[in-house]
Amino acid sequence: MSPLLEVSGLCTQYVSARGTRVTRAVDDVSFTLEAGRTLGIVGESGSGKTTLALTLMRLLPPAARIAGGSVRFGGEELLTKPEREMRAIRGKRLAMILQDPMASLNPLFTVGDQIAETLRAHESTPRRAAWKRAGELLAAVNIAAPLRRVGEYPHQLSGGMRQRVVGAIGISCGPQLLIADEPTTSLDVTIQAQYLKLLGDIQRERGLAMIFITHNLGIVARMCDQVAVMYAGRLVEAGPVRSIFNEPAHPYTRALIESIPKFGDATERLTAIEGQPPDPAALPPGCAFHPRCPYVIDRCRAEAPPESQLARQHHARCWVAAPATVGAARG
Amino acid sequence: MKRFIVKRLGYAILSLLLLSLTIFLFVRLTGDPAVLLVEPGASKEDLAAIHAQLGLDRPLWVQYGQFMSSLLRGDLGNSFYYRTPVLDLYLSRLPYSLLLAAAAMAFSLLVGIPTGILAAVRVNRWWDSVGKLFALLGLSLPSFWVGLVMILFFSVYLGWLPSSGSGSALHVIMPAFALGWYFAAAHMRLTRSSMLEVLGSEYVKLARLKGLPEALVIAKHAFKNALIPVLTLAGINLVIMVNVAVVVETVFAWPGVGRLLYEGISFRDFPVVQATVLIGGAMIVVVNFFVDILYAVIDPRIRYER
Amino acid sequence: MNGSRAASLTVAWRFSALRVEGFPWIPTAILGTIALVAIFANVLAPYNPEVGVLGDRFRPPAWQAGGSEAHLLGTDHVGRDVLSRLIFGARVSMVVGFTAVIVAGILGTVLGILSGYLGGWVDQVIMRVTDTWLALPALTFAIFLAAVVGPSEMNIVIILGAVYWTRYARVIRGEVLSLRERDFVRLAIVAGCSKKTIMRRHILPNVLNSAIVLGTLMLGVVIVTEAALSFLGVGVPPPKPAWGLMLADGKKGLMAGYWWLTVLPGLCIMLMVLSANLLGDWLRVKLDPQLRQL
Chain A
0 MSPLLEVSGL CTQYVSARGT RVTRAVDDVS FTLEAGRTLG IVGESGSGKT
50 TLALTLMRLL PPAARIAGGS VRFGGEELLT KPEREMRAIR GKRLAMILQD
100 PMASLNPLFT VGDQIAETLR AHESTPRRAA WKRAGELLAA VNIAAPLRRV
150 GEYPHQLSGG MRQRVVGAIG ISCGPQLLIA DEPTTSLDVT IQAQYLKLLG
200 DIQRERGLAM IFITHNLGIV ARMCDQVAVM YAGRLVEAGP VRSIFNEPAH
250 PYTRALIESI PKFGDATERL TAIEGQPPDP AALPPGCAFH PRCPYVIDRC
300 RAEAPPESQL ARQHHARCWV AAPATVGAAR G
Chain B
0 MKRFIVKRLG YAILSLLLLS LTIFLFVRLT GDPAVLLVEP GASKEDLAAI
50 HAQLGLDRPL WVQYGQFMSS LLRGDLGNSF YYRTPVLDLY LSRLPYSLLL
100 AAAAMAFSLL VGIPTGILAA VRVNRWWDSV GKLFALLGLS LPSFWVGLVM
150 ILFFSVYLGW LPSSGSGSAL HVIMPAFALG WYFAAAHMRL TRSSMLEVLG
200 SEYVKLARLK GLPEALVIAK HAFKNALIPV LTLAGINLVI MVNVAVVVET
250 VFAWPGVGRL LYEGISFRDF PVVQATVLIG GAMIVVVNFF VDILYAVIDP
300 RIRYER
Chain C
0 MNGSRAASLT VAWRFSALRV EGFPWIPTAI LGTIALVAIF ANVLAPYNPE
50 VGVLGDRFRP PAWQAGGSEA HLLGTDHVGR DVLSRLIFGA RVSMVVGFTA
100 VIVAGILGTV LGILSGYLGG WVDQVIMRVT DTWLALPALT FAIFLAAVVG
150 PSEMNIVIIL GAVYWTRYAR VIRGEVLSLR ERDFVRLAIV AGCSKKTIMR
200 RHILPNVLNS AIVLGTLMLG VVIVTEAALS FLGVGVPPPK PAWGLMLADG
250 KKGLMAGYWW LTVLPGLCIM LMVLSANLLG DWLRVKLDPQ LRQL
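First to last, the sequence lines map onto chains A, B and C. Residue numbers for the first sequence follow numbering that gives the first Met the number 0, so the first one is 0 and each next one is one higher. Residue numbers for the second sequence follow numbering that gives the first Met the number 0, so the first one is 0 and each next one is one higher. Residue numbers for the third sequence follow numbering that gives the first Met the number 0, so the first one is 0 and each next one is one higher.
Treat the hints as calculated values from the structure; they're not laboratory data. Misleading hints may appear alongside valid ones.
Derived pair list, reagent style SDA-like, types lysine to any residue, alpha-carbon separation capped at 20 angstroms [unchecked claim]: (1) K91/A - E122/A; (2) K251/C - G158/B; (3) K219/B - S123/A.
All values derive from a computational prediction rather than experimental measurement.
I would like the entire structure built from these sequences, with the hints used as guidance.
Written out as structure tokens, the structure is:
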């Protein structure tokens, strides 16, 4: 069976106002995702994760343009679809939830209204039925007293509840793929675990595929089947979760994993990665990570490494970790 | 909510007090207030009489007390020229000013808001430039000059519209336009920037992510949120219009409180001038207060914040 | 770094910022021309603006029937040459406009700094007064003050300054509040500088940018208000040639179709105000992004 989502060679660029500066926010990114599985996309801020998600949804700001590549969703090419058809897909088959629930919910409308409008837009559900469905969805995301909450305004709910509402909106039309952009970052730590459990439950119940965008490797370890690591717009390593955590190949991935504090290491200092992520508009030549890489060789400074297969479904872009194979097949 | 109202009320009252104090002090402290408060051409005996009557030799705070007590009783003095209580005079002219302000406000909103929305939605394209030009002119051209040129054009050359007075609906067109252009420009600018801000917000982003049709996104999500600051401003501007319509009313001989002020300064009728400014300022403070409350009603967040 | 170096750096930076694209050449040129006209009015104006020949009243401009080359832009209701009055009117507008803006600016900046930096009851008092005066429309307030003190060129400048300082105070205070938290101010406090010194050497140079931008934005407003005051008869007193006064006089001939007495002075006002506004807008964007919400 063909994968639910196939992204190949995706390139998204931001063009400055006068057309002079071109920033490569997403550079030659490729990955696949099967139905019902979860992919974690990891990276620092500025690595292009959010731009990648917005590119998939075809909702980029006017300054950005898709410069190449292909996105096949359920067998259909999304990048060439007319806007009208894209809109039918957004929210219905392909949904996204954003990071800050207080900002994503319109303060002037009730929670129920905002859930219902998705239903009414995509499935032409009449008003009453949509309202009722909204209450059911709130119950599905474990909000207590859902029938009361349905008529409340966002500011009357707690942060965790708001994020559940956003989740409810996301699953309301039964999507095949849900993209979650840092969904727990603005939540309290105690609430985070509950929310992640909720997402996991929903996924199992509905056979939902998920893309989890995060900078938190703990979440990735817990929730995801596959991981893709992004740095400066490029996918530097990708593969099954076990592989990546046990045998990280790319120096950046290794550094990320090593920087997670472990219990029992109380005497050692926290390891941080030296240096700063590069300015996307002024990337270093060759491999973008080379200024910070402890294993750098001359070739890294000159040429950007291509994707090389390391093991089954595990590939990386690194001259040191994967020098031999060039242009290997995926999957 | 109650605490919010009480706090705002406190501010309003404080502002009113400061306003009356300012007016009072300026009159009492510059030169000889008796000269102002007496009819032009009065004799020395009249001046002395006023001195005694107003207690101009007493300490300032006593005078202020007298001033405030007569204010609160509704006694704002008598007009020298009309020989009637100023308050009555003011109230008889106020409806005309309100009418003019309402017409000008309607114009400014009907033109300003849609233009602002279009300018934001079609940002940096043709419509935006037109809007910006309209706004620039509106904010730079003095309203009374616009009025004068309109009279020249529509009354003198074309003979379509009457140049003065207040008889019919035709009479209000030119003054309303002259008065309203500046505010249309201000409203357009604010609508545009407010709309742009809202269009860039997360909830509009989510609405688009939900796959809602763009028209719905703009009409439902963006519009209501963007309008809040504009309507707030409009409410305050209505009262400001009443006050700054002085020149437009003078140009068109429109019998409102603005023209009353002009008559006051022309005839050196100081009680009229003082009262007009006082009442005008007080109206603004009061309207500010009500607009604050209204804001809290429209935007549920504000109620719970303070 | 100490305050004076900071000041000179901001001055240099201010000028370098001006060399950036988008510089509004035309508005600046117009303002410059008006300024030159104002300075050299004596040389440029063909006639005495305050004296007229009664026999020569209401002459239309030279290109219309009845006009003559002797009076290129016509004459007014007492026979004074319009062109000369416009030229000298530029002087009045410039002088009144700039002086009022400077007076309001100094007063507002000083009070804004005091209010923002010292806080406490000083801040409360100044802010309450500012809020109240801001609530009262400038025109109404100015008319009131003019009625109280009587119109004269000097009084108008003082009145306009008294009315408009509140605009500065508000904005400057806001800036000072955020400046107060900056490191170089904190360093100065720790180093033992007196409050007065800090305000003078550290705070002041850094708010000058905003003050200047505000000044250019205020120039247009002040000129329109002055014109309105003169039009109503409480501004610059006759027979001095102020553009607003010319509009008032022009009204007398309006119904008879003597258009040049109304359109021409108004055009001058419009040119000056538009140019000031465009320049102010550009300055605002270039020099202080924080002021963009003004």
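Cross-check of the supplied hints:
no., hint, result
1, K91/A - E122/A, "holds (9 angstroms)"
2, K251/C - G158/B, "holds (18 angstroms)"
3, K219/B - S123/A, "holds (17 angstroms)"
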